[in-house]
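Protein chains: 2
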Amino acid sequence: MSKQLPVLAETTGCCAPLTREPIGAPDAAELAPAFKALGDPVRLQLLSLIASHEGGEVCVCELTPRFELTGPTISHHLKVLRQAGLIDCERRGTWVYYWIVPAMLSRLAGLLAVPAGVGA
Amino acid sequence: MSKQLPVLAETTGCCAPLTREPIGAPDAAELAPAFKALGDPVRLQLLSLIASHEGGEVCVCELTPRFELTGPTISHHLKVLRQAGLIDCERRGTWVYYWIVPAMLSRLAGLLAVPAGVGA
Numbered sequence: 001m002s003k004q005l006p007v008l009a010e011t012t013g014c015c016a017p018l019t020r021e022p023i024g025a026p027d028a029a030e031l032a033p034a035f036k037a038l039g040d041p042v043r044l045q046l047l048s049l050i051a052s053h054e055g056g057e058v059c060v061c062e063l064t065p066r067f068e069l070t071g072p073t074i075s076h077h078l079k080v081l082r083q084a085g086l087i088d089c090e091r092r093g094t095w096v097y098y099w100i101v102p103a104m105l106s107r108l109a110g111l112l113a114v115p116a117g118v119g120a
Numbered sequence: 001m002s003k004q005l006p007v008l009a010e011t012t013g014c015c016a017p018l019t020r021e022p023i024g025a026p027d028a029a030e031l032a033p034a035f036k037a038l039g040d041p042v043r044l045q046l047l048s049l050i051a052s053h054e055g056g057e058v059c060v061c062e063l064t065p066r067f068e069l070t071g072p073t074i075s076h077h078l079k080v081l082r083q084a085g086l087i088d089c090e091r092r093g094t095w096v097y098y099w100i101v102p103a104m105l106s107r108l109a110g111l112l113a114v115p116a117g118v119g120a
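Protein chains in written order, with the UniProt record's numbering: chain P, 1 to 120; chain F, 1 to 120.
Think of the hints as simulated: they come from the structure by calculation, not from any bench.
C-beta atoms are modelled at their ideal positions from N, C-alpha and C, and glycine is treated no differently.
Heads up, some of the hints might be wrong.
What the hints assert, rightly or not - Interface residues of chain F toward chain P, partial, derived using beta-carbon atoms under 7 Å: (1) L18; (2) P22; (3) P26; (4) A28; (5) F35; (6) L38; (7) G39; (8) P41; (9) Q45; (10) S48; (11) A51; (12) V80; (13) L105; (14) A113.
Start from the sequences, fold in the hints, and give me the full structure.
Below is the structure:
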């Protein structure tokens, strides 16, 4: 999806795995909000529903019925994920459609990656 | 280090990458606190200093001078990381020594992993 290319370009380069070198203060300040956004069970579930959805995007109208929460509460959680750079969205007519930002997920995964053999 | 083996045994099996299948509510509830613990710049820096330290463990006496924060504040952040299962520690005489729990970091990294080709 071409709409994700600018995001990929912005986030290349950072960061080496935590096990290789200490993260700098600026990178820590930039990435901590993304981890904080993941620090809620409903947001983790929302992100996984979006990330695993066939076709790579999902209508908010499919997300809300999966939770015993109000529409505004779901919208709030989606906004937190979007402000953290983990997902993006687009309104089409009545509904808003969401997709993940793979570059941000990869960046966080890379930071936490542990080389094979460590702790074994 | 044999002290980490029980932790490795407890955490096998969970979780598939978010891009492959939605995370279940129990797993989300279990892992969200670990992401929340990472959602602070000082804690990210502390974790990276511990993870990247030569020999795999570090004395708290080496961590505190790296920040313009009081000892109790650093201790609080270390406690949050420990309660989230990301690090463990042992007192030896005057000082406490910290090391990462590789199985927990790998688990979080695996959850966020994006297959090659997605978003490209």
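Hint check results:
1. L18: Since the shortest Cβ distance to chain P is 4 Å, the answer is holds.
2. P22: 4 Å, holds
3. P26: Hint violated; P26/F Cβ to chain P Cβ min 9 Å, cut 7 Å.
4. A28: 4 Å, holds
5. F35: 4 Å, holds
6. L38: This hint holds: L38/F lies near chain P, its Cβ roughly 4 Å from the closest one there, short of 7 Å.
7. G39: OK, holds: G39/F within 7 Å of chain P, min 3 Å.
8. P41: 4 Å, holds
9. Q45: 5 Å, holds
10. S48: Status holds, d = 4 Å.
11. A51: 4 Å, holds
12. V80: 11 Å, violated
13. L105: Hint holds; L105/F Cβ to chain P Cβ min 5 Å, cut 7 Å.
14. A113: 5 Å, holds
The structure fails to meet hints 3 and 12 from the earlier list, while all remaining hints are met.
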